[in-house]
Structures are given as C-alpha cells and as structure tokens.
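Undergrad: Spelled out from the first residue to the last, the chains are:
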Amino acid sequence: MSGQTERPAPELAGTADSPAVTGTAGRAGTARPARLAASAGYSPRRTLPLKVEAVRQLRRRRTLITFGLLLVLPWILVGAFELSGNVPADPQTPGLVTAATVGGLNFAGFAFFASAGFLLVVAVALFCGDTVATEASWASLRYLLAAPVPRARLLRQKLIVALAYSAVAVTVVPLMSLLAGTVAFGWHPLKLPGSGLELSTGAAFGRLGIVLVYVLITELVVAGLAFVLSVSTDSPLGAVGGAVGVIIVSNILDAITALGTWRRLLPTHWQFSWLNALQPQINWTPMVEGAVVSFCYAVVLVALAFRRFRAKDIVS
Amino acid sequence: MRRRVRTEAANRYRAAMGFRAWPRRRLAAVSLLVVLLLAGGAAAIATHTSGPAPYTERNVRIPVLDGPLNNQHVVLDATFFTPAGTGRVPAVLLAHGFGETKDAVRGQAIGLARAGFAVLTWSSRGFGRSTGQIALDSPRYEVKDVEQLVTWLARQPRVLLDHPGDPRVGIAGASYGGALALLAAGYDHRIDAVVPQITWNNLATALFPNAAGGPPLDGVFKRQWAGLLFVQGAVGFGPQGASRPGSAVSPAAACGRFLPSVCAMYQQVAVLGRATPQAIALLTASSPATVAGRIDAPTLLIQGENDSLFGLDQAAATFRQIRRNGTPVDLVWFDGGHDGGDQESARIDALAISWFRHWLAGSGWAGQPGFSVSRNLGFDPSTGAQSLGVATAPAFPGLAGSRRTLLRLGGPPQWVANPPGGSPPSMSSFPGLGALGGSSGLGLALDMPGQSAAFQSPPLAAPLQVTGASTVRIRVRGPVGLTLFAKVYDVDQAGHAILPFSLAAPLRLSQPSAGRVVTVVLPTMDYQFAAGHRIRLVFTTTDFGYATPAAPARYQVALASPGITLPTDPALVLQGRGLQWWIWVAPLVAVLLAASLLLTGRRRIGAPGQAVDPDVPLDIVGLTKRYRDGQLAVDGLDLRVERGQILGLLGPNGAGKTTTLRALMGLIRPDSGTITIFGRQVSAGSPALSRLGAFVEGPGFPPHLSGRDNLRLYWQAIGRPAADPHLDEVLGIAGLGSAIDRKVRSYSRGMCQRLAIAQAMLGLPDLLVLDEPLNGLDPPQIREMRDVLIEYAASGRTVILSSHMLAEVEQTCTHVVVMHLGRRIAAGPVEQISGDGGALLIGTPSPARAATVLSGLGGVVNVEVHAEGVLVHPGEVSASDLVVALVMAGIAVERVAPSRRLEDAFLALIGPVEQVGLAGTANGAAPDPAQTAKAVK
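Sequence lines, in order, name chains A and B. Residues 1 to 316 (this note's numbering) make up the first sequence, in order. Residues 1 to 937 (this note's numbering) make up the second sequence, in order.
Just chain A, same shape as in the assembly:
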C-alpha cells in the first residue's frame, strides 16, 4: 500500500479484488438484486439474542459485585448472630427475627425479611434501571439501534435479561441463606413466626416457595419503575436512584396510617404481605391483592417505557 507506514497495510484494500471480497461486493454491491431491502441474512428476530445481552451484562463489574454482595450477605448475617450470641427464641410468639437461628429454613425466611424491604429493591432497581441508561451513557445504544435492533425488540430483550438477573438476585439470597443457616444453625423444621407451629420440610419448602414467588411479583413494581426511568434518562445512576427513591417515598407514605385505605394503592403497602404465607393458615387475600397491585403497576410502567422509547430521539 504505502511505503510510508511501518505497520502492515490493512488487508481490505489488498483483497478488494480477491474472490472473498468480490463475492461480498457481488452480493452486497452492484450485483445485489434490487428487491433486497436489507442486508443478506438480516432478520430483526435475530437481533440482540438474549444470550448476547446476558453476556454483555454478566461481565460487568456492577453485576458481579451485586451478586457477590447478595451471596455474602447471609454469611454476614450468620456472623452477626454468632457474634451476638443466639437470640433466645420466645417459645410463645417467636418472630421471624427471634426465630432466625432455629435452623436453615427459618434463617432463609429471616433473610427474606431482612432483604425484601431494601436490599432486593436496590438489586432489582439496579438490573432494570441500569440496562438501557447505561447503554446510552456508553453511546453503544445508537449503534445497536442503527444495526438495526428494532427499538421494541431491544427493550424486550433487555427487559427479559434484566428481569432474569433480578429474579436470580431475589432467589440467591434465600438459597444462600438456607445454606448458611443450615451450616451455622443446623437443620430444623420451619418454625412459623407468631404461632410457633413447626412445618415439615416439604411444607416448609412450599411456604418459602410461595414467599419467593410473592416477593418476585412485588419486585415487578420496582422493575417497571426502574425500567421507565432507564429509557427516560442517560444516567444509569439517575434511573436506579430514582426508582429506589420512589420506593422509599412510597414506604414513608405507607407509614402514615392517616392515609387509610389510600395506602392500599401504594406499591410498597404489600411489600411484607408474604408474611401471610408463614401463618399456620395461609391468608391468601392480602397476597393476591398485593400481587394484583404490583402486576398492574408493572404492566402500565413497562408499557409506558415502550411508548416513551418508541418515539424518543436518541441523541446521547
């Protein structure tokens, strides 16, 4: 190519006439049939596969640190209980906290109690709030959109992956707690808070499973909120912080009993309704109500996100 440069010349110019490139040129260039609108082999359905998005997100320090924290947390809690000496469980009315050290199953229940209010909210807000905003802040969003990954598909794939990560985050806490609690306090039937009724292992797993599903559903609100903010701002921190902030405000409003039944509209009003699944008789009503409220918020928020993103000028 040029004698002036020391480095090997780029290959492209040299192979312009080679069969490979001519072939490509023939397909994509002059010889391309006029009716072909898109590049050869392009299919919107194959853009941004879930696996690719998952890999893109997984290798991030943010993701790894979050999961690291969530996995370490149960051990920190175990350590805290060991340090302070086991809390004597009140035989009459054990609470989730006082009965935490009964065994692994109780410890898993306690981990829900300790993390559902804030930690899991932050984790879910992180995965769902960061996903689009970060892409915008990296400026990689415009290259994905120009590829083109259709906007609705981009959101859909990102939402699915973010929700999957969120679900894993919500799930690993009780699982690791089960392990940590069993290692530290041994295996013991689940002692229900309040009544002290002990459940067999099978029944206990059923109850904890219900709790897990319920917590997952309530976190949908956080996910939807964070997702809307994520498509609305180029600042990942803003989206995550905004979602967490709204949840905190909702929590505070919920504490104002004077608001009466209006509080039932608050997404966080139902945050701990899963405790109803740890009563001797499962009280489904508040959980169904909480799940419905959460679902409604999430559906509308996600629709709002798609609507906003659909018409948005990407200028980041």
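The set of hints was computed from the structure by calculation and includes no laboratory data. C-beta atoms are modelled at their ideal positions from N, C-alpha and C, and glycine is treated no differently. It is possible that some hints are incorrect.
Computed Cβ-Cβ distance ranges for the label pairs, DEER-style [said to hold, decoys possible]:
| # | chain 1 | residue 1 | chain 2 | residue 2 | range |
| --- | --- | --- | --- | --- | --- |
| 1 | A | Phe67 | B | Trp584 | 35 to 41 Å |
| 2 | B | Gln414 | A | Val183 | 46 to 52 Å |
| 3 | A | Val213 | B | Gly389 | 21 to 27 Å |
| 4 | A | Gly209 | B | Leu588 | 23 to 29 Å |
| 5 | A | Gly186 | B | Trp584 | 41 to 47 Å |
| 6 | B | Gly630 | A | Phe67 | 26 to 32 Å |
| 7 | B | Arg626 | A | Val213 | 46 to 52 Å |
| 8 | A | Pro49 | B | Leu588 | 47 to 53 Å |
| 9 | A | Trp75 | B | Ser345 | 48 to 54 Å |
| 10 | A | Gly241 | B | Asp728 | 40 to 46 Å |
| 11 | A | Pro189 | B | Leu599 | 47 to 53 Å |
For this one, chain A is given, so just place chain B on it according to the hints.
TA: Chain B alone, transformed into the frame defined by chain A:
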C-alpha cells in the same frame, strides 16, 4: 360502662413478626413531615376545604322530676347540639356509658349534628354535674328523666315535631346508655328509632348467667365485672380514678353516688356471692327484656364480640323480643365490646347515623342488611394490624344458627376438683383490662390442673365458621351448687390453644346431681376454626371473673352427647374484604391502559414517497428536524449519493451534519422529509439500516469488554449470523494489535476511534457513514484510512464522510456536500466545488504589500497572505483589475491562478453567510479568515 379501647393486638402481632426490631418504621416517623408535604398534605387540604358542616352547641341544665312518686328534683347537665340553619330537624338523644358523663359522647354528638340532627347529650343522674343518685337505668328514675328530655326536645324551635309535644326523635347509647335507650323506647312511644350498643337484655342474666338454663337466681355471680361497675359508680374507676389524690373512700361514702337501695343490694350480693330475689327483681326492672315486647321504634342492635360482660346472647334476646312485635330490627356484631377488640368507631358511628337518617329523616338506609358480623380475617403484615371484614346475611337466624354441625368429641368421664376458697382460679378473661387500655383478649386463658376436664375433637377436615351458641350435653355428678365453666378452645396443629374472645359459659346446678344430663349453651361467637385445627371443650371448676363455691368438692364430668353441636349460618357472606371486585377489574384496566399506551400516539412515518431507485444508496428529500428545544437543526435538506461515491459532508459546527446522520441511522425522527437507503424509506429500526455501517459522534462500547469481544458481541447482536463479518479484515483496519484483547476501558481515544470504525465496517456494509473518522488518528493512520476508504468505494460500495479535515476530504472524497445552518449550500464533485470558489492565488515576492494594496480595492471580499503570495476572493473585481492594481503599486506579479483548495472554497461558500451573521460589525469589513477558519474547526 363503655370504654374506647385501642387494640393491642396489632402491636402484639407486629412484635411477633419481628417488626419491633426493624427500623423501617422509625425512618418513617422521622420523615413524617416531608411526606405530609409530599402527598398527605394534598389529601388533608382536600378534606378540609370540602369542610365539615358547622354546628352549634349549647350547655343547658334541665330540671326533671322522677322517683317512684315523681317528687325527686334532679337537674341534668346537658348539651344541645344543633346543625347549621334554622329549619326543624329530627333529634337524637345520646346517652353515655356507666361511669362516664355527657362529655364521653361529645364526638358522636358532633358527628350526628353535622349529619343534620339536633342532638341532646346529658349526664345521667348521679354522674358528672347532674344531681341525683345512680339508680341503674331504673324505670322509676333514669327512664323518667329521658321521657322529660323528650318533652324538652319537643319545645325546642329547631326540633321537628310529629305532633305537638311529640318530637321526631331517636335515641342511642352504649352499654349503660344502650339499655337506657331501649328502656326509654319501651316506656315512651314518642321515640322513633333506637340504636343501643353493647348492652344488656336482662341485667339479671347478664350478671348471674347460667349456661345450664336455670333462672338467674341460680346463676353464677359475675363478681369481677359487678365489682368493677360498683367501684366505678362509687369512686370512679380507671387510671384517673386510681391516681386521683385524696380519693380515699370515707365510710359514709362507701356507696358513692349510688341510690342506697342499689348499694345495699350490691353489697349483699357481693358478700353472698349469690343472687338474692331482691337483687334479681331490681336488676330485672332495669332490663329492656321487660319492655322489649312493646318497643315499636325501629331498632339497630349493635353488640360486641369481645364482651364477657354483655355477650352477644344478650342482644340476640333483645332482637328476638323486638322482632316478635313486628318492629324492624337489625343486628350488628362488631369486633369491639367491653373486653377491647377493634371498636370500629367510624363504621359503628356511620351505621347509627344512617339508621337515624332512614327512620327519622326518611332517606335511604346505607347500612348492612339484617344481620352483619365483623370477622377477623387474620393478621395483615402490610398494615401491621388485624384485618376485619364484614359478613352480612338478610336476617339473623338466631343463636342456634340456620344449620348445625355435630362435631365428635373424645374424652373419658373426668373428675375435677373445686379448690377450697375457689383459689387459685382458672382464667378466661380479665374483666376491666380493656378499660385500662389493655385487651383482655390477650390469651390469658388458663385452666388449673386438676380443676379442669377436657374433651377434644379430631382435626377438622375443612374450615368451620361457627355463628351462634354451640351446645353440648354433659352428664355431671356433684353436690349442690355444682359450678362449672365451659370453654371452647381452638387448638392448632402445634397444640397451641386459643380461647376465642376469652369467653367462658358458667353453669350452676341448684340441686345435687348424680349423673344428671345437662344441656350447656356455650358462649355465643362468630369464629372460624381452621382446617386441621381441633376443638377442645374444657370444663373448669373456677374462673377468675366469677364467684365460685368456697367449699372443696369433686365433680365428675362426662359427655352425654356424641359431640358438640356447632351452629353455622351459610347465609352470611363476607363483604368488602376477601377478594374484592377490583382484584378482577384492576388487572383488566391495567392491561387496557398498557395497550392504549402502546397503540396510541404512533406517528406514521411519512407517506410512501415517489418511487426511488433501489440502486441509490442514499436519497434524502426535504429533511427537516427541529429539536425539542426549538433549534432548527436541519432545514429542508436534499441529498443524494450514488454508488461508488465517497461523499464528503462538510459544514461548520451546527450545520446539521450530525443531525442528518442521526436521522439516516433512524435515531431521531425527522419532522418532515424522507430518507431512503437503497430505495427503502428509513425510520427507526428499518431493516434497510442493516446495509448501513455507521460511526457517528464518537465510539460507543461497553468498556468492560475487550475490543475483540465488543466486535464479536456486536456482530452477534445485529442479526446476521449467517453473514461473514470479515472480522480479520476490519481488525486489520483497526490496527490495534494485541490491544484488541484488552478491555476497551484501557484504550486511548484514537484506539477507540479505530475500533469504532472497524465496528462500522463489520460485514462490509454497502453504505458506510463515518463522522469525523480521522480525529485522533496520527498522520500515517490518516493516510491508511484514506486508502482504505478509496478501496472500499472502489468495490462498488458507498462512503459518506463527515470531516473538518478539508485537505483529507479533498484527497479522499469524490463528491462533496456543503451544509450550513441546516441547509445544503453546495453539492457536487470535489473538483467542481473546490474550483468553484472564485478565489485567486496571486504569486508575488512581496505578499504583505500586495495584501495591503488588494485590501484597499473596493469590492474585494477577502485577502489572505500566504508564503508564496496572496489568496484573494475578488468578489466583483476581475482578475485583470487586480493585476493592474498590483503592477501599478510596483508589486511584481509572478502568476495568477484559481485557487483549487477545498478549504478556500469552503470558506468562500460559508463566508457570505457568516457575513450575514456578522453584519454591522467592523464597518461591514470582510470577516477575519482566521476566525472563520477557527469557526470551521
């Protein structure tokens, strides 16, 4: 007697659930103010501006005459509340509970006044500032007082009259006041509606109950409650009474404000621990049971489930008696009562108001139909409280229920001991604890070993909702005065037993029994026994609340029936709570809302314009874009690029180049105009974009991935798995060497730039758009890039290049489009544009002097000094005139040639436009070229 009690159950459960240790609530408390401002404030303002109706209140002292001979002068301390306005309205008499004064019902009175009633509250004789003595709702005393209050009301100008002297009046009250209301309605037929709460039907059976069905004379003395009431009447009771200094009781005041006959009756009974005929007579006279048969005023009976003093059975008896008259009567069982629970004040007050509205003012009845029952639906951790629901049925079926279930009980005949002196006693409830702010439903139930017999059912296969009084038949052996207390426990799978509502049913046999079969009516309740739970029936010989025989004795208790008969009322349907209507409606509404969000507001992207040649890589027609901030970035741009061209897109900053590129990538939505790529109109996500490779506004990579991973994942993301990415070739162009496997985070700007160009070239797109690709490249790289682009276009592909490096553009591009202020101001082959400026390069050995001379010429636009001469934009001045001027000035002219430099042409093109912007400055002098050049940079 009624005390408002705040339930402790919520706190108890919160503690049980561990809430106590959780700082969430504390945080909430701290931020209360903020939140009030945020949202609570708005709601609060809304309710206050809507404004409660005003009312006036007036203290009056009403003299009355009562006593058996109607000769006792008593002055009642009363308050008369009237709603705003001047018209006549129905009236309501509001009686207070035992030990209280008219002040206790002031809040209710205000509520009624605001609802449009004239309300009279008064302190009963013997209470507060009223004179007289307590006669226990005696028809000779208190009831006569009420009759005179009705007459007083009839004289008030604001009170609606049915007839002269007969006001339209209702009466309400709780406990002591409730019985008075019923008695007054029985004696005074001018009263048109009654709402008695938590009160007795028969004071004798209430204080001397006998679940074995005997007369009250054989009943078991409710010693604790009776004592509490007596003390309340004598010296007052409760925290304030206990702590009042100097409240020591003088011997003369041992009867307090009780009527001496009442006091003597109590003292006798309390010492005996048994009823006396005189006591029964006195108490019966003060009982609505004696007059209920002639009550013709519609009655709403409200009775508490948490009430070991006046149980639900008392109201059921009144209901039955009034019902027999054909008088409209409804029954409400609510969660409150003398033992605490949730007093449901708001709902109960509203029920009373709507009852009076209906029967006194003739408006619709918004209450519950026939029979309604508050049900505890369990702990709701989200509210931290018990959640209540209300079940309703068209009519009260009676204590035996509309259906009965026989549940088998097991257990052998058992011997139980009555301890000498009746101590230590077993426990069901702690009377009066509710009045002290606690809850006697705290699960204090205690059965002394050796003193109790238990019979238990197998686990329930299904939940069982008991509504009414269960019955069981037992066979007992024991001496005269055999006393037992029957309790129905709810036993969960873990063996924990709960005594619902802390109720016990006492029974006493006046004759010795050697195996007599007794039907025991167990406490009346509405309670759900959960599936899997057992029912345990316990008989104890003692109870803390009752007087029991002092003599030691042994009794034998055995089941005489196969089990316990439990009444149920399937007609009761839970309202409100439970799965409410919105559970089904809300998701539907949400989904519809979401769908409308998604389906509306779509803007159709332009009409399919005129057919465009599918072989034209890019055709832009009339592109216009105004950003939301009002900036008109592109204004009617037309642009066409042919295959094989390398198009240079030039323009100063703000010319609209980037906006144009964004639009053709589908990133922004044009206001008007069309962009077609290979004949297909482009909008966001158009498949045609797949034939476009772009590098616009700098690189954009996830920084945590290596360069190679970035390209690999990008290729995988763009939906062409089958196509060849030509990865090696583009990596060669990027020329990153081993750095390609380092994380992008560590790259320099130039490395990012090269990686981004490589990304744009992945798959060798038919149309390559590069925005400032040369920034950050070193000269050899710039040169390489130039060759790459030329070769790229030579293969039949098309390149659009936006750059400020005009020299590079000149060498690389085949065509140029110059934009300025959003418009295209020139377009064509490079040679044409760069020669088009009309600039002349005049070679001269003394350029400085030449510049001075030429600048002096009128009409010359611009003169620039160069090493080899001057560059002149002659404007209207001809070349020959320039030469003549120079020669005349004695300056040698070596050559005159048109300047072919693109930069000059560019400056010339945008210069005049710039001048427009600069008009008025520096006497209209030509803009400083250096400045212009800077602006271009």
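Undergrad: Now, for every hint given, state plainly whether the structure supports it.
TA: Hint-by-hint comparison with the structure:
1. A:Phe67 <-> B:Trp584: 35 to 41 Å: Hint holds: Cβ distance 38 Å, inside 35 to 41 Å.
2. B:Gln414 <-> A:Val183: 46 to 52 Å: holds, 49 Å
3. A:Val213 <-> B:Gly389: 21 to 27 Å: Holds - the Cβ-Cβ distance for valine 213 of chain A and glycine 389 of chain B, about 25 Å, lies within 21 to 27 Å.
4. A:Gly209 <-> B:Leu588: 23 to 29 Å: holds, 28 Å
5. A:Gly186 <-> B:Trp584: 41 to 47 Å: Because 45 Å falls inside the window, the suggested range holds.
6. B:Gly630 <-> A:Phe67: 26 to 32 Å: With a Cβ separation near 46 Å, glycine 630 of chain B and phenylalanine 67 of chain A fall outside 26 to 32 Å, so the hint is violated.
7. B:Arg626 <-> A:Val213: 46 to 52 Å: holds, 49 Å
8. A:Pro49 <-> B:Leu588: 47 to 53 Å: For proline 49 of chain A and leucine 588 of chain B the Cβ distance comes to about 33 Å; the hint is violated.
9. A:Trp75 <-> B:Ser345: 48 to 54 Å: At 49 Å between Cβs, range holds.
10. A:Gly241 <-> B:Asp728: 40 to 46 Å: holds, 43 Å
11. A:Pro189 <-> B:Leu599: 47 to 53 Å: For proline 189 of chain A and leucine 599 of chain B the Cβ distance comes to about 52 Å; the hint holds.
This entry does not satisfy hints 6, 8, going by the numbered hints stated previously.
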